[in-house]
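Be aware that the sequence shown starts at 1, since it is given in the numbering used here, and climbs by one per residue.
Hints are supplied without guarantee of correctness; some may be wrong.
Stated by the list, open to error - DSS-like, lysine-lysine: derived pairs with alpha carbons at most 30 Å apart:
{"id": "1", "residue 1": "K73", "residue 2": "K61"}
{"id": "2", "residue 1": "K37", "residue 2": "K61"}
{"id": "3", "residue 1": "K41", "residue 2": "K23"}
{"id": "4", "residue 1": "K14", "residue 2": "K41"}
{"id": "5", "residue 1": "K41", "residue 2": "K73"}
{"id": "6", "residue 1": "K23", "residue 2": "K37"}
Because the hints were derived from the structure by calculation, they are not lab data.
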Amino acid sequence: MEDHIKNIKKRDFKGVSGEETLKACFEATEIALRMLKASIKNNHPDFSETEIESELMRIIKMQRNEEDDFARKFYAERA
């Protein structure tokens, strides 16, 4: 899996179609989600599949909120 990520990172996206770039982004996202899910399973071996999915969604939402907060502060400072 890590080799696949390295290959995506090394790709030169100059001259690559938007479709190919988007596909690479989706692949990287899928890999990241699988890695995060594996990490949750490792840290919480007693979690059911439902609990793992809930924790995955909680982490994703938390990250999104942090990004939104950063963007609000960034643009507020420039207003």
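Do the hints match the structure? See the list:
no.: 1; hint: K73 with K61; verdict: 18 Å, holds
no.: 2; hint: K37 with K61; verdict: 14 Å, holds
no.: 3; hint: K41 with K23; verdict: 27 Å, holds
no.: 4; hint: K14 with K41; verdict: 38 Å, violated
no.: 5; hint: K41 with K73; verdict: 34 Å, violated
no.: 6; hint: K23 with K37; verdict: 21 Å, holds
In terms of the numbered hints stated before, the structure departs from hints 4, 5, listed from lowest to highest.
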